[in-house]
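Colleague: Chains as they are written, first to last, in full-length UniProt numbering: chain A, 1 to 428; chain B, 1 to 428.
Wrong hints could be hidden among the right ones.
Because identical chains share one entry, a pair is satisfied inside a single copy or across any pair of copies.
Said to hold, decoys possible - Cut-off 35 angstroms, straight-line C-alpha distance, at most; resulting in silico cross-link-like pairs (DSBU-like, lysine-lysine):
(1) Lys62 <-> Lys31
(2) Lys336 <-> Lys15
(3) Lys288 <-> Lys192
(4) Lys62 <-> Lys44
(5) Lys44 <-> Lys128
(6) Lys15 <-> Lys44
(7) Lys15 <-> Lys62
(8) Lys299 <-> Lys347
(9) Lys62 <-> Lys192
(10) Lys280 <-> Lys44
Keep in mind the hints are simulated off the structure, nothing from the lab.
There are 2 protein chains.
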Amino acid sequence: MLIVKKFGGTSVADKERILHVAGICAEEYSKGDDVVVVLSAMGKQTDVLLTQAEEINPNAPKREIDMLLTTGEQISVALMAMALESRGVPAISFHAFQAGIYTTRAYGNARIQRIDTARMEEALAQRKVVIVAGFQGISEEGDYTTLGRGGSDTTAVALAAVLKADVCEIFTDVDGVYTADPRLVPEAVKLKEITYDEMLELASLGAGVLHNRSVELAKRFGVELIVKSSFQNAEGTRVCDRTRKKETTHILEDGILKAAQSLEGTTMEEMLVSGVTADKNAARIQLKGIKETTKEMYKIFVKLSEQHIGADSVLMSPNSDNTTDISFTVPRDRLKETAEVLNLYSKEGSSDVEIKIEDKIAKVSAVGAGMMSNPAIAVSMFEALYEADITIEMIYASELRITVLVNEEDTLKAIRAIHGHLIERPLR
Amino acid sequence: MLIVKKFGGTSVADKERILHVAGICAEEYSKGDDVVVVLSAMGKQTDVLLTQAEEINPNAPKREIDMLLTTGEQISVALMAMALESRGVPAISFHAFQAGIYTTRAYGNARIQRIDTARMEEALAQRKVVIVAGFQGISEEGDYTTLGRGGSDTTAVALAAVLKADVCEIFTDVDGVYTADPRLVPEAVKLKEITYDEMLELASLGAGVLHNRSVELAKRFGVELIVKSSFQNAEGTRVCDRTRKKETTHILEDGILKAAQSLEGTTMEEMLVSGVTADKNAARIQLKGIKETTKEMYKIFVKLSEQHIGADSVLMSPNSDNTTDISFTVPRDRLKETAEVLNLYSKEGSSDVEIKIEDKIAKVSAVGAGMMSNPAIAVSMFEALYEADITIEMIYASELRITVLVNEEDTLKAIRAIHGHLIERPLR
Numbered sequence: 001m002l003i004v005k006k007f008g009g010t011s012v013a014d015k016e017r018i019l020h021v022a023g024i025c026a027e028e029y030s031k032g033d034d035v036v037v038v039l040s041a042m043g044k045q046t047d048v049l050l051t052q053a054e055e056i057n058p059n060a061p062k063r064e065i066d067m068l069l070t071t072g073e074q075i076s077v078a079l080m081a082m083a084l085e086s087r088g089v090p091a092i093s094f095h096a097f098q099a100g101i102y103t104t105r106a107y108g109n110a111r112i113q114r115i116d117t118a119r120m121e122e123a124l125a126q127r128k129v130v131i132v133a134g135f136q137g138i139s140e141e142g143d144y145t146t147l148g149r150g151g152s153d154t155t156a157v158a159l160a161a162v163l164k165a166d167v168c169e170i171f172t173d174v175d176g177v178y179t180a181d182p183r184l185v186p187e188a189v190k191l192k193e194i195t196y197d198e199m200l201e202l203a204s205l206g207a208g209v210l211h212n213r214s215v216e217l218a219k220r221f222g223v224e225l226i227v228k229s230s231f232q233n234a235e236g237t238r239v240c241d242r243t244r245k246k247e248t249t250h251i252l253e254d255g256i257l258k259a260a261q262s263l264e265g266t267t268m269e270e271m272l273v274s275g276v277t278a279d280k281n282a283a284r285i286q287l288k289g290i291k292e293t294t295k296e297m298y299k300i301f302v303k304l305s306e307q308h309i310g311a312d313s314v315l316m317s318p319n320s321d322n323t324t325d326i327s328f329t330v331p332r333d334r335l336k337e338t339a340e341v342l343n344l345y346s347k348e349g350s351s352d353v354e355i356k357i358e359d360k361i362a363k364v365s366a367v368g369a370g371m372m373s374n375p376a377i378a379v380s381m382f383e384a385l386y387e388a389d390i391t392i393e394m395i396y397a398s399e400l401r402i403t404v405l406v407n408e409e410d411t412l413k414a415i416r417a418i419h420g421h422l423i424e425r426p427l428r
Numbered sequence: 001m002l003i004v005k006k007f008g009g010t011s012v013a014d015k016e017r018i019l020h021v022a023g024i025c026a027e028e029y030s031k032g033d034d035v036v037v038v039l040s041a042m043g044k045q046t047d048v049l050l051t052q053a054e055e056i057n058p059n060a061p062k063r064e065i066d067m068l069l070t071t072g073e074q075i076s077v078a079l080m081a082m083a084l085e086s087r088g089v090p091a092i093s094f095h096a097f098q099a100g101i102y103t104t105r106a107y108g109n110a111r112i113q114r115i116d117t118a119r120m121e122e123a124l125a126q127r128k129v130v131i132v133a134g135f136q137g138i139s140e141e142g143d144y145t146t147l148g149r150g151g152s153d154t155t156a157v158a159l160a161a162v163l164k165a166d167v168c169e170i171f172t173d174v175d176g177v178y179t180a181d182p183r184l185v186p187e188a189v190k191l192k193e194i195t196y197d198e199m200l201e202l203a204s205l206g207a208g209v210l211h212n213r214s215v216e217l218a219k220r221f222g223v224e225l226i227v228k229s230s231f232q233n234a235e236g237t238r239v240c241d242r243t244r245k246k247e248t249t250h251i252l253e254d255g256i257l258k259a260a261q262s263l264e265g266t267t268m269e270e271m272l273v274s275g276v277t278a279d280k281n282a283a284r285i286q287l288k289g290i291k292e293t294t295k296e297m298y299k300i301f302v303k304l305s306e307q308h309i310g311a312d313s314v315l316m317s318p319n320s321d322n323t324t325d326i327s328f329t330v331p332r333d334r335l336k337e338t339a340e341v342l343n344l345y346s347k348e349g350s351s352d353v354e355i356k357i358e359d360k361i362a363k364v365s366a367v368g369a370g371m372m373s374n375p376a377i378a379v380s381m382f383e384a385l386y387e388a389d390i391t392i393e394m395i396y397a398s399e400l401r402i403t404v405l406v407n408e409e410d411t412l413k414a415i416r417a418i419h420g421h422l423i424e425r426p427l428r
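Please build the complete structure, drawing on both the sequences and the hints.
Modeller: The structure is reproduced here in structure tokens:
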């Protein structure tokens, strides 16, 4: 077996954590498995370095930022190699030059293009544990790049894909994917399995366990992911494409959503709704009275896309006077840029369009396969919100999720209500 | 003009220092010069990293130690590039892979073998300031190596040699080479010039301004060095091979050592003794009653050399019974290994040799060109020590220096006395 194990910053935050992680890897190695370890920078090191850069030059060249940040992972991998060697396990650390991780030249947000696995395979053949600096790559020019936040997950999945690993384990500070954030919803339960698609919705909607990009990559290359804790020895959640269509259909035929008999160790066989999640990094944009809808929408969304602003949950509603209202959400931290785009749009002759921006909102979503096919879910969700006296500002539904916009202060109440109705108790 | 500027750890210890150094480099650049900057790790960063490694694995593989340490300089160069860019000066940072600094595989103490200057020359042609991580190299296998302590000086001199720089400026926390340590001898004066050979003696004898290896390299490739302060704008000391034979001869013909008319800005034209220095990292070994001198000495020194213990100031004195006494010094921090070598030597059948080890001694030296040719210098030096009531344990003299061993507690008194006689006041 070849296993890729990825550990995030909190898992290697200090000496004790590094030695603990070395123990986990040594145990795997001693089973006879080949082990590739991908590490993030220790604790908050990346933020510390960014602050240093900011103090010296608030507009530092991105090439130099990446040159600076890549030291973080290099420290982690060197110390981990030392920790493994101290346990008698042969190990070798590689930074991006040595691991041959070639990317585009987009400093700060590079994409992996190819991986030259020669040195890694040579070291694995020598029965060494290979420790690779996550988050970093090199451009064809031989400059460091970084993959953006969540980049170490991407490194791990990419290595698992090219090295044809049997599994890619993502160790984090939670022990798996839950039906809701357990800090917010004590009744939340851990999922044994979840599909790539559901995981993608949960990630993009703010669950924060895995970065979207790594899940997309895993899906594309069929890399089996396991999310588990480096702090405790628990089973974790498997992310794969094994949808249990048959059982789901069975439940749907009953016309009701059957909740889990026993919540402990719940799997997808028993539950349709995988999780409830909230994203407070959201703002709602409303454009009222648009005349030539298609043309105008094109103009707006092209401009947003040029600024790399991702619009989500787009809704259109026609008015009786042949105009259309458009509503969508943007990440709240991109609201400034969004407002600039919209102001420009107004000035360019569409001044009769009324623009409304709301930033005290949150997106609360229920995620699961075949949500729209089962009207009972939507009904139950709205019932939950109604009973909790929460005003729904907007509804967006797709095959994989139902999202409602609520006032920000209602976020927690909404999550708990929806979780209670859709996951904890059986529907009528 | 192409100028290599090297700044040590204290010169880039924090944000303020980095911005200050960027100012020095920007000024040079704005004159139209091409500038290559070589940096050490910030402040005590290397020691901090070594402590981290030690805590995780006291016997960490040297490859991984170098992998860890090289992050220190990478942080410095990235931040410096940002600092220069913030002043509108185009800059680019390179680590050893990018600067093409290939070394032997001796982790922790590698030797530079060749430098692939392509990327540096390309950047210089684009009128960029090139900022190179000092102290580090790469092996032909593509692993990081480090050049040992003082390695950043070596990097700077090597780059100056291969890039055919007009001058290599070593910025440090003192403003030049002094006739003695100004903290110990307030009367010490800064030298305008000094030869490579004199500098080598001063460096190896503990003056500590420049590392020996970098001076040797500079001598071999004719790289003109200037030692100056990054903290104050003063002229510094030039290290080169321009010995002023004619003037020196003139002085020698007078039969006396003429001290400087004005001590401010003293040059070699006026002074024969360049400096007085002390090295407390010394221990004295005496072997008494050796019979077959040549054979036995060979045995001892081969063994010491195998342990990389540098014996210095070797003296032999024949006894009337056809035996010989040998005396030499070793670095005190290698005394343990030295004692092991000598014990082994005793056991192997030379047990009638009496071994004496003294570790409370210091080597005090006066350095200058043609010391032995001028008996007045030795006479004056011994007079100084006599007047100061200091016991001389051993004397060693070469063309470039006269070294006396004194009791450790007499070190400062000896330096001051010799400095007073040889440098401050004219000899009779």
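Colleague: Now tell me, hint by hint, if it's right for this structure.
Modeller: Taking the hints in turn, this is what the structure says about them:
1. Proximity of Lys62 to Lys31 under the C-alpha cut-off of 35 angstroms is restricted to the inter-copy arrangement: shortest distance 27 angstroms between copies versus 43 angstroms within a copy.
2. Taking the shortest Cα distances, Lys336 and Lys15 sit within 35 angstroms of each other only across copies (31 angstroms), while inside one copy they are farther apart (41 angstroms).
3. For the homomeric pair Lys288 and Lys192, neither the shortest alpha-carbon distance inside one copy (44 angstroms) nor that between copies (79 angstroms) is at most 35 angstroms.
4. Taking the shortest Cα distances, Lys62 and Lys44 sit within 35 angstroms of each other both inside one copy (20 angstroms) and across copies (27 angstroms).
5. Taking the closest pair of Cα atoms, Lys44 and Lys128 come within 35 angstroms of each other both inside a single copy (29 angstroms) and across two copies (32 angstroms).
6. In this assembly of identical chains, the alpha carbons of Lys15 and Lys44 lie at most 35 angstroms apart whether taken from the same copy (14 angstroms) or from different copies (19 angstroms).
7. In this assembly of identical chains, the alpha carbons of Lys15 and Lys62 lie at most 35 angstroms apart whether taken from the same copy (31 angstroms) or from different copies (19 angstroms).
8. In this homomeric assembly, Lys299 and Lys347 come within 35 angstroms of each other (Cα to Cα) only inside a single copy, at 13 angstroms, whereas the closest approach across copies is 92 angstroms.
9. For the homomeric pair Lys62 and Lys192, neither the shortest alpha-carbon distance inside one copy (40 angstroms) nor that between copies (43 angstroms) is at most 35 angstroms.
10. Taking the closest pair of Cα atoms, Lys280 and Lys44 come within 35 angstroms of each other only inside a single copy of the chain (23 angstroms); across copies the shortest separation is 42 angstroms, beyond that limit.
Hint check: violations occur at hints 3, 9; the rest are consistent with the structure.
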